[in-house]
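Enquirer: Each chain, written out:
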Amino acid sequence: MAAPDFEQSLVGAIPHLRAFARSFANDPARADDLVQETLVKAWNSRDSFTPGTNFRAWLFTILRNVYFSQHRKLRREVDDPDDQYQNSLAVQPEQYGYLDLADFRAALGLLPSDQREALVLVGAEGFSYEEAAEICGCAVGTIKSRVNRARNRLVELLGDSELKSGGSAANPTAHGSRLVKDTARG
Amino acid sequence: MDIEPAASLDEAIQGALGRKLRESYEEIVNEQVPEKFIQLLNELKNTEHGDKGRNS
Numbered sequence: 001m002a003a004p005d006f007e008q009s010l011v012g013a014i015p016h017l018r019a020f021a022r023s024f025a026n027d028p029a030r031a032d033d034l035v036q037e038t039l040v041k042a043w044n045s046r047d048s049f050t051p052g053t054n055f056r057a058w059l060f061t062i063l064r065n066v067y068f069s070q071h072r073k074l075r076r077e078v079d080d081p082d083d084q085y086q087n088s089l090a091v092q093p094e095q096y097g098y099l100d101l102a103d104f105r106a107a108l109g110l111l112p113s114d115q116r117e118a119l120v121l122v123g124a125e126g127f128s129y130e131e132a133a134e135i136c137g138c139a140v141g142t143i144k145s146r147v148n149r150a151r152n153r154l155v156e157l158l159g160d161s162e163l164k165s166g167g168s169a170a171n172p173t174a175h176g177s178r179l180v181k182d183t184a185r186g
Numbered sequence: 001m002d003i004e005p006a007a008s009l010d011e012a013i014q015g016a017l018g019r020k021l022r023e024s025y026e027e028i029v030n031e032q033v034p035e036k037f038i039q040l041l042n043e044l045k046n047t048e049h050g051d052k053g054r055n056s
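As you go down the protein sequences, you meet chains F and V in turn.
Just so we're aligned, residue 1 is where the first sequence starts under the numbering used here, counting upward by one.
Just so we're aligned, residue 1 is where the second sequence starts under the numbering used here, counting upward by one.
One or more hints might be untrue.
As the list claims (entries may be wrong) - Label pairs and their computed distance ranges (CB to CB): (1) F:145 with V:45: 38 to 46 Å; (2) F:65 with V:32: 46 to 54 Å; (3) V:10 with F:69: 37 to 45 Å; (4) F:2 with V:22: 19 to 27 Å; (5) V:44 with F:53: 17 to 25 Å; (6) V:12 with F:33: 38 to 46 Å; (7) V:33 with F:1: 19 to 27 Å; (8) F:156 with V:47: 47 to 55 Å; (9) V:33 with F:4: 16 to 24 Å; (10) V:38 with F:51: 19 to 27 Å; (11) V:23 with F:156: 15 to 23 Å; (12) V:44 with F:139: 33 to 41 Å; (13) F:53 with V:42: 21 to 29 Å.
What the hints assert, rightly or not - Derived list of chain F stretches under chain V, where covered just means 3 residues or more per stretch with a C-beta under 8 Å from a C-beta of chain V: (14) 8-16; (15) 19-33; (16) 104-114; (17) 118-129; (18) 148-156.
It should be emphasised that the hints constitute simulated quantities derived from the structure, not laboratory data.
Note that beta-carbon positions come from the ideal geometry of N, C-alpha and C, so glycine has one too.
Only chain V is shown next, with the shape it has when bound in the complex (with noise of 0.2 Å):
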């Protein structure tokens, strides 16, 4: 009757499964970006804008 695995696996094991992941997952986007992030995006706005200034 099931054909797929995943049929067999019941909705409780399932829902558990995924509470799982998601706290998981969740620990890590919550944590703090580091500050390296952000002043990677600021050095390329400014090279790009350095790179304008010079062009015109």
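With the rest of the complex left out, here is chain F (with noise of 0.2 Å):
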């Protein structure tokens, strides 16, 4: 791809990998952290790029690897990543205007991060499951049922009626509280 074409779609990517980082690091500015590494990264192996193939699915498959390497690194000072994931996903929910899309995040946070990333992949970027396990260096039934399990957690953790209706406008302090009940008993 020719360099300003190039400099184009990773500009128009960038929404993306935000959107994509926070799938692993819920913390806004190590999301974003990660997306930089994951721009130079991209930049200095732009030839390696193949013209004709999603180029989305190249960034998304460099930014988990800058991720993985980083988390191997942060595995020898901190006991459990995942936990500092669901920490920061406890001061999270008061930023968002309406509680049930804040107790969706609270939920998604729970899911084992495989999961979550699996769910995100098909089921907000809209990869098929090929593509997502191509991205995850996985096999494509694996894809299929991290997507299964992570839909089948989070009905558990919300609630089939709720969902069904759309949200918890009405009673938004007793959904919340309904979620940790949930989780405990889970």
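Combine the two chains into a complex, taking the hints into account.
Expert: Written out as structure tokens, the structure reads:
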């Protein structure tokens, strides 16, 4: 890809990289650091992108590699990085205007990270199972089963009647406490 | 009959879940991109031009 086209595609992908990064690091500043490093890596290895293939998938693969190489380093310093994700979630919900979206995010944060990633790639980014499998370097069946487990767990956490009625604006407090109870029970 | 657990999730629920997920994700996608990212790309570009300039 010619340099100006590459740059333009890269700029266009930044919002998606930022959103995808949040499925690894819930803290927006940490997620953005991840994106910055991804942009540097992508820029430096732009000759390895095959024109005609999915540019966003290529970038997401780089972001994952950046994350997991940092994650291995981090593991020597903290006991459990997943705990960090959940601790940072505890202070998040009030930033959002409506509680039901915050509740959804809290539930998403409780999923194992590989399930959350698969769900985001397929359900939010709209990648095919095949593309998601390629990004994650695993089998298509693995992605399918992660997505299934993620969906089932979310329904468990959020309650199917709430989901069906499209939200919990009527009684946000009760909804919030139910999420906590369900989590404790689960 | 239902071997896969997801097969028991009814379509209305799956649809609702999908909408919530996209709503949550789109909110981040639609955030304004911080200026630092564009600056970073400009730096990367300039560094490269600088290198080429020195080499030629």
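Enquirer: Could you tell me which of the hints above the structure violates, numbers in ascending order?
Expert: Numbers 2, 4, in rising order.
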